[in-house]
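Q: As a plain string of letters, each chain reads:
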Amino acid sequence: MTGIGEVLPELVIEVTPTFVISTALATRDFQDVHHDPELARERGSAGIFLNILTDTGLVSRFVTDWAGPDALVRRISLRLGVPCHAHETLRLTGRVTGHAVADGEDRWEVSVVGANSLGDHVTATVWVVRR
Amino acid sequence: MTAAIAGIGATEFSKDSGRSELALAAHAGLAAITDAGLRPSDVDGMVTFTMDANAETALARELGVPELTFFGRVPYGGGAACAVVAHAAMAVATGAASTVLCYRAFNERSGRRFGQVHTPDGVDNGWHYPMGLVTPAASVAMFARRYQHEYDVTSEDFGRVAVLDRRAAATNPNAWFHGRPITLADHQASRWIVEPLRLLDCCQETDGAVALVVTTVDRARDLPRHPVVIAAAAQGSAADQFTMHSYYRDDLTGLPELGLVGRALWAGSGIGPEDLSALVLYDHFTPFVLVQLEELGFCARGEARHLLADGTLELDGRLPLNPHGGQLGEAYVHGMNGITEAVRQLRGTAANQIRDAEHVLVTAGTGVPTSGLVLSR
Amino acid sequence: MIEEAARELAARGESARRVARDPVNLPMIRNWTEAIGDDNPTYEHYAPPAMAQVWTMPGLAGQRPADDPLGAMVAVLDEAGYTSVVATDSEQTYHRYLSPGETVEVSSRLDGVTGPKRTALGEGWFVTTRSTWYVGDEPVAEMMFRVLKFRPSGVAGTAIRPAVSSDTEFFWAGTALGELRIQRCGGCGRLRHPPGPMCPSCRQTRPGYVVAAGEGTVYSYVVHHHPPVPGRAAPFVVALVELTEGVRMLAELVGVPPSEVHIGLEVRVGFSRVDGELTLPVWRRR
Ligand SMILES: [Zn+2]
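Residue numbers (full-length UniProt numbering), protein chains in the order written: chain A, 1 to 131; chain B, 1 to 377; chain C, 1 to 286.
What the hints contain is simulated information worked out from the structure, not anything from laboratory work.
Cβ coordinates follow ideal geometry from the N, Cα and C atoms, glycine included.
Among these hints, one or two may not hold up.
Incomplete in silico selection of chain A near chain C, CB under 7 angstroms [claimed, not checked]: (1) R28; (2) Q31; (3) H35; (4) E38; (5) G57; (6) T64; (7) P69; (8) V73; (9) R74; (10) R75; (11) I76; (12) S77; (13) L78; (14) R79.
Partial chain C-side listing against chain B, Cβ under 7 angstroms, derived [stated by the list, open to error]: (15) P197; (16) V222; (17) H226; (18) P227; (19) V229; (20) R248; (21) V254.
Isolated chain A (complex conformation) (with noise of 0.2 angstroms):
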């Protein structure tokens, strides 16, 4: 039974360069930052870093692991912090904050964080439909 304050089993992502810039490719992302070190180096970065899309596809997962292939996502808010660059273990862990019921739907609120070495890379809050 779902309540406010579950916490949700953690996932942790092993940020390989093949998962940087397979997801990167993956979400059609050709910026050169997620697929050559070198160029994303001489931008000032630390290497090559995970997109966006590939945080909000994560986050989604996280919470679909959790919720079950009947949910339904309805959004996905996030704020970035510090980047994820390969080589990175990036940890998700989350937390039941909220309840609502909006068009006839009960909706869940799960409050997410994905951490690595550097500090927390994205917070996200998700509005998901357990069915």
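Put chains B and C with the ligand on the given structure of chain A with help from the hints.
A: Leaving out everything else, chains B and C with the ligand in the frame of chain A:
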């Protein structure tokens, strides 16, 4: 020449002196005056660097020097080192003063570090600093790259200067790097600062002060220390000269302003490269040590790397270089500690004493209008 | 000027709709789920909602349409010296899940521009856009997207600026116009850089200038690693270039990895605008 160095003094060399630059200047100044067997009231002239933050008046007040009849300053950073002695020598030769205190004092490590990014004034600097060439290391690296290209010189060739300096510093108790020699492998493993310069190609940053007393040879003979005679002193600025950025000359692999100084020194002293007992060459960055050896006629253009590799310049070699450890090994006091080392060698009181030292060449900052000295027993 | 441009762009409302390259399709969905590691079986029948924007990404060769409000606002801020960008927030709302075979279209508008604000990265403006994805006339997803366009700390405030005199102002006036100017003596015609008031050849004091072709070769160069330099990301290359006109000139060499720079590299001048008062020449590979 009719002038001599009668006294030398210095503070300890550190990374954080814990006191003001004026306190450092006063400490070194008093030590030099005392070393000469004089009293502050004997001093009637002062010369320092344009860059020095301590007013002559302030230092005179601290030391209790009552009257000054001569004071002057020399510009262009470390290029002033030997020139302050030259100016002092001219003052005592003309009678403008009888006893001149030369000094340089700074908290260059704990205070304003030359190796950090600064925004200098001056129209000339506008062609270099805004473009991203912002430190002395970067300015010298531009020359070093071209020198490497034209003469097939490697980073290891530069590294041999650092190894030599640190080997001498290791046995000099006054050196910051006393007891800490390095290998060529250490040099090669040190990080890039501005390619082609590595960390160990760059001199230290130091808090400290050095001072010395110049008077006439005749007067110096009556003082307790054995006088060190200023056999020749010269300054030099060459065609199309810039400060650190003489990039617009046909050739980037020489230091013509130093060549000019060298010729004046040989002519003025009657002493040639073959007569010298030791060399104290300004070493803020290793590449210009090679260029100086060539410019002064110790070897042909592009050949200095062989001189460094074959042992000639080692402490036990034919022509020892920087027996105190230089500014990479002992301390960076804008070249002034090189002059006091030459004095110690000629007095016979150096930490790494060279037997029967008779004539020592000292040079000042490179890449800028510069100066040099030949000092003799 | 920034506020005015923002008001004008916001008043334009929604951009023309842009149609996705492909309809929603299983192969792209499977590439996405495989890469993200999402094994949700629903995605054998529906597209992951988080893919909404993926369908309309411009792709490798694509370009932003001329009426894209974010692109237009970014250009205004670039011009004002706020040259760096970082995404700060995004909020996606999914009205319904999409099925393979549906074709989406997207339309965007500028929601607002606020600033200038002091941030940890430097002074900047927050630019907020809103996009809507449609199937036919039905809105199926929406997104609020916010970026910070900023002037990296130090670039404007402590940018190393040249001291300019009446002898050298022609050079800097030239860079602002995209011209690389070399001083030319009005008496003997000698070219000279850096410039000065009196010709060292003929001692005339009537300097003019020529506009350089802007091409040359690297005569020497350095790769700066340390210490950090405000407004520049190390390592960066500074090159002394011999111009075809015969004078040497110093500038940053951009767009070439340090390992590929060598003496003799052929370069062409470009211009890097720091702000309204300073434009620096830069070298690029020819
Ligand atoms: Zn002329």
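Q: Work down the list of hints and note, for each, if the structure agrees.
A: Hints versus structure:
1. R28: 4 angstroms, holds
2. Q31: 10 angstroms, violated
3. H35: This interface hint is violated because 11 angstroms lies over the 7 angstroms limit.
4. E38: Since chain C brings a Cβ to about 5 angstroms from A:E38, closer than 7 angstroms, the hint holds.
5. G57: Result: holds, 4 angstroms to nearest chain C Cβ.
6. T64: Check passed: Cβ of A:T64 comes within 5 angstroms of chain C, closer than 7 angstroms.
7. P69: Holds, about 5 angstroms.
8. V73: Holds, because the Cβ-Cβ distance from A:V73 to chain C comes to roughly 5 angstroms (cut-off 7 angstroms).
9. R74: 6 angstroms, holds
10. R75: With a minimum Cβ separation of about 5 angstroms from chain C (threshold 7 angstroms), the hint on A:R75 holds.
11. I76: It holds, given that the least Cβ distance between A:I76 and chain C is near 5 angstroms, below 7 angstroms.
12. S77: 4 angstroms, holds
13. L78: 6 angstroms, holds
14. R79: 5 angstroms, holds
15. P197: 10 angstroms, violated
16. V222: C:V222 check passes; min Cβ-Cβ to chain B is 4 angstroms, inside 7 angstroms.
17. H226: C:H226 check passes; min Cβ-Cβ to chain B is 5 angstroms, inside 7 angstroms.
18. P227: 6 angstroms, holds
19. V229: Where the cut-off is 7 angstroms and the nearest Cβ of chain B is about 6 angstroms from C:V229, the hint holds.
20. R248: 5 angstroms, holds
21. V254: With a minimum Cβ separation of about 10 angstroms from chain B (threshold 7 angstroms), the hint on C:V254 is violated.
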